[in-house]
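Colleague: Using the sequences plus the hints, can you model the full thing?
Chains as they are written, first to last, in numbering that gives the first Met the number 0: chain A, 0 to 276; chain B, 0 to 380.
Just so you know, the hints here were simulated from the structure itself, not pulled from any lab data. Built from N, CA and C at the ideal position, the CB exists for glycine as well.
Some chain B residues close to chain A (C-beta under 10 Å, calculated; not the full set):
hint	residue
1	Pro-87
2	Gly-91
3	Ile-92
4	Gly-93
5	Ala-100
6	Ala-162
7	Ile-165
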Amino acid sequence: MRAPTLRRVGWAAPPLAALLILLVYPMLQVVATSFDAVGSGAPGQAWPTVLGDPAVHRALLTTLQVAAMTTLGCLVLGVFLALVLAYVPFPGAGAVTRLVEAVISFPSFLIPLAFGTLFGPVGIVNTAITGTTGAAEGPLQFMGSVHGVVLAEVAYFTPFIVRPVLAAFQRLPPDQINAASSLGAHPGRIVGQVILPGAYPAIAGAGVLVFMLALNEFGIILFTGAQDVVTLPLMVYTRAIVTFDLPGASVIACLQAAVSLLVYFAYSRLFVRRSGR
Amino acid sequence: MSITAPDAVSHRTDRRPAAAALREVTVSYGATDALRDCSLEIHHGETVALLGPSGSGKSTALKALAGFEAPSRGAVLLGGRDVTGLSPAQRGIGIVVQSYALFPHMNVRKNVGFGLRARRVPPARTRERVDEALRMVGMFDYADRLPRELSGGQQQRVAIARALAIRPRVLLLDEPLSALDAALRQSMLHELQQLRRRLPDLAMVYVTHDQGEALALADRIALMRDSRLESLGRTEEMFERPSTEFAATFLGGADILPARTLTAAGAGETVRAAYGGHEISVLTREDLPRDHGISLAVRPWSWQLADDAVPAPNPVFAAEVDGVQWKGSSYRVQATAESTGQTLHVEMPARGRAPAVGGTLSVTVAPRDVMVLPAERSDGA
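Modeller: Written out as structure tokens, the structure reads:
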């Protein structure tokens, strides 16, 4: 028994060591830094200061608001798109599927950059409108707002919903849909009572993934140039790089990680209970 | 192709339009015909089995009836009404499939009530009819279970209850027992027979590749082959008097001996025919001219072991035993006739010792046990 145990330890040690060095140690380091003294203050003083800061509260709320709106938008658009791709055969459906997959490989800043070029204050659309009407500024002024950020994030994260949900739809037995149809169900009832519940684990999983990705998104917000949209990741960046408040940045990073873990564990518990596993 | 067959005896007096009918229906996938010119009527209270090997078109015919496949030609009628352009939801047909197709997230009660809710039947009435359907299939005590908490047979009962709850005039069953083990299949077959008795006006179309299920359940059998309806007739007639070589071999099994008549004979008379240098006497059910190519079909259980003490009614074929399968109550022997080289399949009672592989078996057949069929090859002896 000794040799097999040693062999198992031998196989497990390298990846565990890599995990320790690349993930666990840096995380512990962030936690440790959060307890460092700031200036002449006492060690650990950053925690009550940051957690009592109304700006951090606003950033937390904005982060959750953007993530929730993005997730909702992605779910509505992504599930609808997956339904069409799976059940409404049309010429070019394959090309659309591949395009959706390709978007996942794009860098996240590409979408806000393109949106800014099109819909920004001096973007193509506004310039064309002001050129025609002679107005001082164009009517589209949403790119710097929460709505602009959400729109860009929905465009970028929707494929993360489409891909797994489409796969789930394609795995649903056609016999179930045929049976529902023969029993007199119209397409809306089949979608609502057979297809969506059948794909529930994939939809829930993809939704949670997008929520967590949106929760931690940094590049899109930075490139949207939304000065009024301050989220936790943006605040971490500002404190760490601009004001060199590393303990404060670490406290916010810990807060961010705690929110992500809370969402993940809530999903896991809910999924286990609903799926009966 | 349109085949007209006698109606089942119990339905001859029913003057209503057929419960379901296919009129020269063709279903094509691109250049390939999955079903060609199929015409078939199923009467109220009648069970028709669509029997055939895989890819013969039987499931396609069922899907055309259900509305899952749109015919490229022909018409589908329900109760005399053309429903070719209607969706499955508008046809009101009950369907049971091999995979049960229960909705996994709904319990048994919700599954069975699905069709009633879709048809906006009031909740109290829905509950009544769900209870009634569940009692009919003996699943009332399992109403709160999820499908994954049921055995295969129980799931199939729920699927039947769900199809019956909407009170369809026509029930389509697509290989409903194929996913069950042998014992459960027998039990379910018995329950389907009981169901037929309880619902005497229900028309049933039963798709299967298992001749045993077709023989046990069907009033008529529609034998499918190569996307066509090969033959159609009452179950006993199809078995006792098959009209084609395929019907004889697929339904019951038979050795086909290519032969040529040596004498002319009228229906009910004995005709002599030449087969591989042998002269065989057979009882014909129809007029046969002299020197006419025919096929002689012999069932495995019609072969008799030749006994030196009893004069043989026909030539004795010596055959070398190639293989023996013990079936419990009988041996199934595959042997090669020494004089003609033809493979013979002989079923003999499992009394005494099994024939030895490599040994010789002497068999003959009585004139009344040989079926005369139209020749499908021109090389009759």
